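Participant: For the protein sequence lines, the chains are A and B, in the order given.
Heads up: the first sequence is residues 64 to 771, going by our numbering.
Heads up: the second sequence is residues 400 to 941, going by our numbering.
These are calculated hints, taken from the structure and not from any lab test.
Incorrect hints may appear among the rest.
[Unchecked claim] Calculated lysine to any residue pairs in the SDA-like style (CA-CA distance at most 20 angstroms, straight line):
#, chain 1, residue 1, chain 2, residue 2
1, A, K149, B, P906
2, B, K714, A, K449
3, A, K245, B, P906
4, B, K714, A, W691
5, A, K90, B, T865
6, A, K658, A, I377
7, B, K714, A, R695
8, A, K245, B, G780
9, A, K245, B, V785
10, A, K449, A, I438
11, A, K245, B, I853
Note that this is a predicted model, so its numbers are computed, not measured.
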Amino acid sequence: MFFLDHIWLIPLLPAFGAAIMFFFGRKLSKQAVDAVCVGVVVLAFLFGCGAVSQYTRWSHDYPGRPFEKILYTWLGSDTGHLNFLKHDGTPAQFQADDGFLLDPLSSIWLLFVTGVGMLIHIYSTGYMAHEGGYYRFFGYLNLFMFSMLMLVLGNNYVLMFVGWEGVGLCSYLLIGFYFHRKSASDAANKAFIVNRIGDAGFLLGMFTIVWYFGSFRFTDITALARSGQFSIGDPIITAATLLLFVGACGKSAQLPLYVWLPDAMEGPTPVSALIHAATMVTAGVYMVARSNALFVLAPASMKTVAIVGALTAIFAASIGLVQNDIKRVLAYSTVSQLGYMFLALGIGAFAAGVFHVFTHAFFKALLFLGAGSVIHALGGEQDMRKMGALAHKIPRTYRTMFIATLAIAGIPGFAGFFSKDEILWQAWHSEGGAYRLLWGIAYVTALMTAFYMFRLIYLTFWSPARSQEVEHHVHESPNSMTVPLLILAFFSIFSGLLGWPHSLKGSNRFEKFLEPVFSREAAPVLAEERPGQLAAGAKEAEHADPWEYILMFLSIGAAVVGWGLARSSYQNASEGYVEPIASKSPRAYDLLYNKYYVDEGYDYAFTGRRKLGDVRLGAMGLGEASSWFDSRVIDGTVNGAGWITRLTATLSTWWDKWIIDGLGVNGPAVAARLLSYPTRMLQWGLVQWYALVMVVGLVGFVAYYAWR
Amino acid sequence: MHSHILSIILFIPLAGALLLLFVPKDNKDAIRWIANIFALAGFLVSLPLVPWFWQQRFEPGFKFMEGGPNSWIPSIGAGYVLGIDGISFLLIMLTTLLGWVSILSSWTAIENRLKEYYVWFLVLQTGMLGVFMALDFFLFFVFWEAMLVPMYLLIGIWGGPRKLYAAIKFFLYTLFGSVLMLLAVLFLYFYNYHQTGEYTFSIQALYKTAPNIFHDPAYGVTYAILLFLAFFLAFAIKVPMFPFHTWLPDAHVEAPTAGSVILAGVLLKMGTYGFVRFSLPFFPDVAMHPKVRGWMITLSIIGIVYGALVSLMQKDMKKLVAYSSVSHLGFCTLGIFALNPAGLSGSVLQQINHGISTGALFLIVGILYERRHTREIAEYGGISNVMPVYATITMIMFLSSMGLPLLNGFVGEFTILQGTFIENWRWAAWAVTGVILAAAYLLWLYQRVFFGTITNPKNEKLHDLTPREILTFVPLIIMAFWIGLYPKPFFQILEQPVNQIVQTVRPGYPGTAGIVNASTSKGAPSTQVTVRLATEKPEGKQ
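Please model the entire structure based on the sequences and the hints provided.
Facilitator: Printed below as a string of structure tokens:
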């Protein structure tokens with residue numbers, strides 16, 4: 064059981080690569096960077112395969128049990144002295160381990176994260192070959208792999224949060240990779256801060272769970288949640304799951320926090336493929352799936368997840384209909400497909416949601432890498448209006464991208480058909496009633512998906528060339544880029560077979576594999592289990608429903624109709640072609656083209672980057688107001704107190720000098736002096752004066768007596 | 400050694416200052432070397448404390464006690480008493496480390512009146528260490544006030560353009576707070592005499608009598624609250640808590656870099672330390688009084704959000720970091736008044752983290768200032784093009800400051816928030832917004848200074864960090880990763896004192912009694928409370 068016991072090495076390998084790049088990357092040659100950074104990810108992939116295969120064998124002996132490996136106590140203390148009070152007043156230990164968990168759910172993520180990650184690393188050696196900061200790019204990619212694997216393999220919420228914030232950081236660093244461009248660093252900041260808003264929700268949700276269940280560990284929480292102590296609709300669990308979902312909305316770009324993902328396309332294209340399409344953005348799906356035991360206890364949260372997912376799906380798809388930047392189309396498509404996944408989770412079809420994550424990882428990574436190959440071939444051009452007729456110039460890119468388009472559009476036989484159809488069917492079937500509306504939304508979205516994807520194919524590959532200039536230096540990408548495309552194309556076709564539905568005489572092995580995670584009967588840890596209170600996640604009897612076939616034909620129809628519409632609109636799109644939506648309704652086109660003006664609205668209301676008239680709202684408005692308050696009112700009070708002290712001191716000095724000392728002390732002295740003047744005259748001290756007085760006196764006396 | 404280790408740590412910097420007095424002031428290199436050697440020695444000497452303390456971390460009471468009550472001025476009952484617990488231990492280690500780092504960072508920054516600068520800096524170091532070691536209130540007060548003078552001079556002589564305003568504001572504001580505290584202490588001193596018939600400033604003696612005031616029919620709640628407020632004012636100004644914070648940005652902006660590092664890293668912690676060491680154990684019932692506690696929490700939360708908002712709009716880098724301190728210290732006081740083990744240990748840990756991260760942030764600002772003599776954000780842009788190493792280190796410290804997991808800030812913030820949440824979820828919900836805003840103001844600052852292309856020709860020739868400058872960051876980065884990756888030792892060091900305080904404030908708080916009254920052999924963790932849920936650890940069995 065070497066691989067299982069050393070499962071912690073899987074995330075550590077890429078972390079090691081990142082550390083090498085951090086310390087020595089600057090001095091390494093390109094070959095050395097390739098060897099280290101691609102090497103560690105290949106090793107991680109092989110390790111992951113080993114671990115998963117050992118796990119499947121291990122689970123024969125311990126059916127339904129997740130494998131856990133705890134390395135050490137990370138947060139808090141294991142001495143038993145650091146406790147906190149749970150909601151019922153009993154103490155629980157504040158402790159989160161550095162521990163790893165492998166079960167079918169994390170196995171799937173482990174495999175496709177390392178697998179797709181490996182291919183994208185290889186692709187990047189070609190794509191980034193001539194870029195500056197080569198080692199920096201690969202260091203970040205390795206750091207991302209580490210964070211993503213921590214997220215997936217962590218055995219508790221805090222460790223998941225470590226990966227969660229870690230992938231956010233790497234996303235920030237890689238979106239801002241071309242940091243000279245203001246748009247890139249703006250997009251990076253936006254991504255991080257919007258994600259932080261979601262993370263705040265995640266944190267609060269986590270605190271709620273810990274306060275309620277007394278543990279951070281998934282196995283503890285799942286066991287307790289399934290123990291039957293908690294009733295369905297428990298308000299605390301509902302609040303906790305809703306808060307967790309806020310986090311998921313941030314990371315997985317759902318309404319209303321999706322705004323960062325389209326801007327994230329500022330990063331290099333392999334990054335868009337790896338982080339913003341295949342892996343990181345599915346972290347929210349992983350988190351909700353991981354918390355499925357809690358979500359099924361909170362029907363209100365489930366409903367919210369389903370509704371938000373469906374609305375996001377159609378909202379983003381509608382924007383994607385008219386975008387001209389090839390990467391932006393794919394970005395909105397990603398947001399939309401993520402909406403599908405949440406819709407699946409929200410209606411309790413966890414396995415179907417995860418299955419769509421799995422297939423989506425292949426075809427969406429392929430689409431992005433293909434788009435990267437197109438951009439690479441055109442020397443950096445991303446505007447589809449300047450492309451066209453590339454099918455024969457870059458045949459490998461074209462063929463593989465076409466396969467991915469067939470997959471995402473839901474053409475039968477390709478991977479996306481199986482996963483998307485499963486979601487549509489579950490949406491129709493599992494709840495019924497008003498939930499059929501969600502099916503309707505998802506169905507329209509499927510139609511839109513087919514349309515914008517074939518629009519992309521027509522504008523890029525099939526329609527007449529619209530820019531001679533661009534076309535001159537078209538060249539097919541090197542093998543390091545096209546071979547990953549071929550491998551991904553293979554999986555875009557065949558990965559769907561794992562989930563071949565029962566209705567088509569398949570066995571849906573994918574769903575069976577995931578059963579221990581989602582089924583309430585096979586709770587992983589607790590032996591005694593009260594069987595099914597809720598059928599939300601449970602599977603129905605296996606006999607086929609005629610509706611399933613009808614819906615299947617309907618969704619095939621949607622794909623074909625979408626293709627047809629795109630064909631009629633763009634087949635002959637020459638220079639200066641008009642978008643069909645623009646010609647029908649310029650207003651609607653304007654609204655869609657400007658993405659419903661959501662970014663502008665957010666800038667007015669929340670960030671305060673735009674002023675509403677003269678008033679600045681949002682965080683910056685509050686910041687300005689606080690700064691004013693701080694310097695005027697608070698510091699004004701302090702300085703005022705100082706000023707009053709000085710004024711008092713000045714007044715006291717004046718009082719002291721003129722009143723106390725002047726009037727009180729010197730005043731009497733002056734008075735005495737004035738009053739004493741006459742007497743002083745007698746005591747002048749001049750002898751002559753005395754003599755004069757004496758003579759005058761004598762003369763007086765003599766005169767007096769003489770005259771008498 | 401064991402019995403006098405605290406005195407040695409305490410007086411090494413002062414000895415260095417005395418020695419410097421005999422060095423001719425023109426011999427600048429000698430002065431620099433002597434000051435640095437003594438600062439480093441101060442740090443190295445404190446290192447043996449780590450293993451020694453570790454062995455007795457679970458034992459109750461203060462460790463490494465020195466001196467006795469009434470040993471200094473017997474006629475008034477003042478004693479030279481030193482002793483530490485886990486809380487002061489961590490703060491002392493932080494002080495010796497930051498003292499060394501900041502003296503090292505001054506090597507080229509200070510040219511003017513060099514000798515006096517280092518003398519005052521070393522005196523300051525002794526003053527700060529004394530505050531964290533003193534277990535006699537008279538002694539404590541001497542250090543508390545004595546340390547104001549060197550800081551006043553550091554700002555007033557080596558500061559920026561408005562240095563006199565800032566220095567006087569700093570001095571008077573803090574002095575104002577401590578005068579009321581002195582009065583309150585005298586009250587406790589005489590109250591202790593009435594209760595026990597003994598005049599003493601011994602803190603451990605006052606611990607026994609001061610809490611009785613609350614229930615004493617002669618005085619009662621009002622007196623207890625007034626006394627609490629007298630202490631509160633001194634500490635709240637020092638922390639600083641909203642709305643007593645405006646001296647801080649001025650002092651920081653004007654102070655020399657090393658002064659800012661120490662000011663943010665250590666001096667502010669004296670306020671939070673005061674709350675933990677005095678306010679809570681002296682007035683446990685007041686601290687639990689819903690109104691008082693409500694006010695403390697409210698001011699903390701306002702500090703968190705408001706500090707972050709003001710920070711967002713600053714145009715001066717140093718002022719931005721200064722206001723971010725207000726926000727971060729808000730987390731620390733929030734954790735203290737959560738009054739449970741998680742909140743308190745998170746708070747102390749966050750105090751250490753803040754010393755590391757914000758200390759580093761001030762060093763970072765200082766490095767640009769030394770090169771360009773301006774801190775205006777608008778003067779910069781595209782700095783990562785010319786100073787890549789500097790940009791990388793800055794990114795790491797920014798991430799640590801904004802609480803990214805696997806770095807130190809996260810551990811503290813998370814623990815505080817967890818502790819706060821279980822008291823009242825609304826408090827935590829408000830505080831969490833500070834986490835979002837922290838990302839906003841730091842990343843925006845980073846974007847404006849480091850990203851983009853160089854637009855200001857003056858920045859084109861900036862040279863990257865020198866080895867000495869890198870060396871000042873190395874210990875801080877190591878600590879940031881250590882606390883982020885393996886914080887358990889820190890939690891264990893804090894367990895005993897934190898549970899002790901919780902027991903004092905909330906007697907019978909479940910799960911805290913075990914360690915406090917444990918007279919068991921050293922290091923044996925009591926297994927009184929182990930709440931593992933239903934399952935065993937299913938370590939990979941085969």
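Participant: Of all the hints numbered above, which does this structure not satisfy? Sort the numbers upward.
Facilitator: The structure conflicts with hints 2 and 3, although it agrees with all the remaining ones.
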